[in-house]
Amino acid sequence: MRDFVSRRARVIPPSGIRKFFDLALTMEEVISLGVGEPDFCTPWNLCEASIYSIEQGGTSYTPNRGIQPLREAVSHWLSSHYGVNYNPDTEMIITTGVSEGLDIAIRAVTDPGDELIVAEPSYVSYSPCVTLAGGIPIPVECLEKDHFKLRADCLMEAISPKTKAIIINFPNNPTGAVMRREDLMAISDVVIDHDLLLISDEVYSELTYTGTHASAAAIEGMQERTILLNGFSKAYAMTGWRIGYLCAPRELCDAALKIHQYVMLCAPAMGQVAALEGLRRGEEEKDRMVQEYRVRRNLFVEGLNRIGLPCHLPEGAFYAFPSVDNTGLSDLEFAERLLKDEHVAVVPGSVLGQGGKNHLRCAYAVSRKDLAEAIKRMAHFIATNSH
Amino acid sequence: MDEKDLLLLRLLEENSRLSPDELAIMAEITGEEVQCRIAALEEAKIIRSYTTIIDWERAANGEVAAIIELKVNPERDYGYDRIADRLANFREVKALRLVTGVYDLQLHVTGKTMQDVARFVSEYIAPMDRIRETATHIIMKTYKENGQNFCEKEPGERLPYSL
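If you read the sequences in order, they're chains A and B.
Anchor point for the first sequence: position 85 equals 85 in the working numbering, and the numbering is continuous, going up by one each time.
Anchor point for the second sequence: position 95 equals 95 in the working numbering, and the numbering is continuous, going up by one each time.
Worth flagging that the hints you see were computed from the coordinates, not collected in a lab.
All C-beta atoms in this analysis are idealised placements derived from N, C-alpha and C, irrespective of residue type, glycine included.
Watch out, some of these pointers could steer you wrong.
Partial list, computed: chain B residues near chain A (C-beta under 7 Å) [as the list claims (entries may be wrong)]: (1) GLU157; (2) TYR161; (3) SER162; (4) LEU163.
Distance windows between CB atoms, simulated [as the list claims (entries may be wrong)]: (5) CYS41(A) - GLU123(B): 22 to 30 Å; (6) LYS258(A) - GLU145(B): 49 to 57 Å; (7) GLN115(B) - SER60(A): 31 to 39 Å; (8) GLU55(A) - ILE46(B): 52 to 60 Å; (9) ASN85(A) - ALA44(B): 39 to 47 Å; (10) GLU145(B) - CYS47(A): 21 to 29 Å; (11) ASN15(B) - ILE12(A): 40 to 48 Å; (12) ASP287(A) - CYS151(B): 20 to 28 Å.
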């Protein structure tokens, strides 16, 4: 029989943490800092709104772009919070999580052979999505000495005549790095000079602990060449609902919409209702969760530095990204043995692209009690394994 | 009161056993500053006491609790304040509030047995001047107290890893 698997599907790598995953499932009392999602339940008023809508029969398809009130609410929210204005009828699509938004954004702009630059370390989907769209992912490393911000000169070095777009994600998974307005301005100069497109995944935007989030689309001259992706998963603890949004200039949005209507049709109806409730009456609950993440960050990062895993203070998202250089172990060895010996699950930085080597991604979206226990177990591990 | 004070209050309300050093790390200030701020909050009687939330049903000490509603004739010049003050002095009264609606005052009362609560109401509360009517509701089960949900609920299972 022929091998039916496509070349594209064959070349994308399997998950770098599969073996860790399988191992963790066999263990008791694992403290997992490997989970990239909030530990909070979705605020109850959002659930109630959704349950009520189901009771009222709100279980059908919605318009392709998403329900009108949600698009209007998102448009208003983006304008009042980040100073970016998108027409809810022509420049926005409610997507099935940011993951779908990312996929249709990449597919809408990528021709075979196009190069898309991916700022790394990063969330694992960007490069495979580029490959699946027929493009070529080109990694550019964000350096620890820059607190993992993307530097314009590093970006310049990755640009070739084939470069079409750049994919960034700030606040960043896995480093917690944040790009301030002035950092983005330096990047935007390069993007504009080279006539490139920016795909900006801002799903952690509300988890910015100092100051307010600067959206890439809010930089002068950038909105016309930016696809802005955001969603409800992280800020509103809504990962399972799968609701995100894509905002882009009309022409790009129309292209993405065509793909969206063929492959997804619409985002889940009940999730859209919950998201709308989040924007209308969920701000206070969201702020409470963000404040708690910040408290946990402070405790956890202090703990990491205290036990000999140097870690800069992440300014956003809910990840700490300590270095394991001092321990004499590689990140893969450290993560595997920490799981086996101490039952603490972390993600080795190597699987998260360039610049991730010898670092660990630790999600502090777990209770303070578990964070304290994790630090205790990690300290014990270091004491027994360092050389 | 600023943002840091509010954060300290929220953290202490949730767990009053946190040490100044822990609070300092959490609130991004020094341990000394934590102590100064807490002292000022105590001085201003914003922090009233440090207590523990106990599920007495679970402790199975057999204590009975009741919500008692009172209709009260307010007093010229004093309104409800003087009668409220008298009521608040009873050890059995754990909480006392002036509320809107059909009744005026709402009491949270505890006693060793249901008879104790009934006796307390009939012998001390009902006969007081200015109290026109009482309604006693024995608490059968507490589902939530001071923001703490007493219902056993396992958190939904999360995957050990997700990127």
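Taking the hints in turn, this is what the structure says about them:
1. GLU157: Constraint on GLU157(B) not satisfied, violated at 11 Å.
2. TYR161: holds (4 Å)
3. SER162: Because about 5 Å separates SER162(B) from the closest Cβ in chain A, which is inside the 7 Å limit, the hint holds.
4. LEU163: holds (5 Å)
5. CYS41(A) - GLU123(B): 22 to 30 Å: violated (47 Å)
6. LYS258(A) - GLU145(B): 49 to 57 Å: Holds, since LYS258(A) and GLU145(B) (Cβ atoms, about 54 Å apart) stay within the stated range.
7. GLN115(B) - SER60(A): 31 to 39 Å: violated (59 Å)
8. GLU55(A) - ILE46(B): 52 to 60 Å: Given a distance of about 43 Å, which is not inside 52 to 60 Å, the answer is violated.
9. ASN85(A) - ALA44(B): 39 to 47 Å: holds (45 Å)
10. GLU145(B) - CYS47(A): 21 to 29 Å: Roughly 22 Å apart at Cβ, these two residues keep to the hinted range, so it holds.
11. ASN15(B) - ILE12(A): 40 to 48 Å: holds (46 Å)
12. ASP287(A) - CYS151(B): 20 to 28 Å: Given a distance of about 26 Å, which is inside 20 to 28 Å, the answer is holds.
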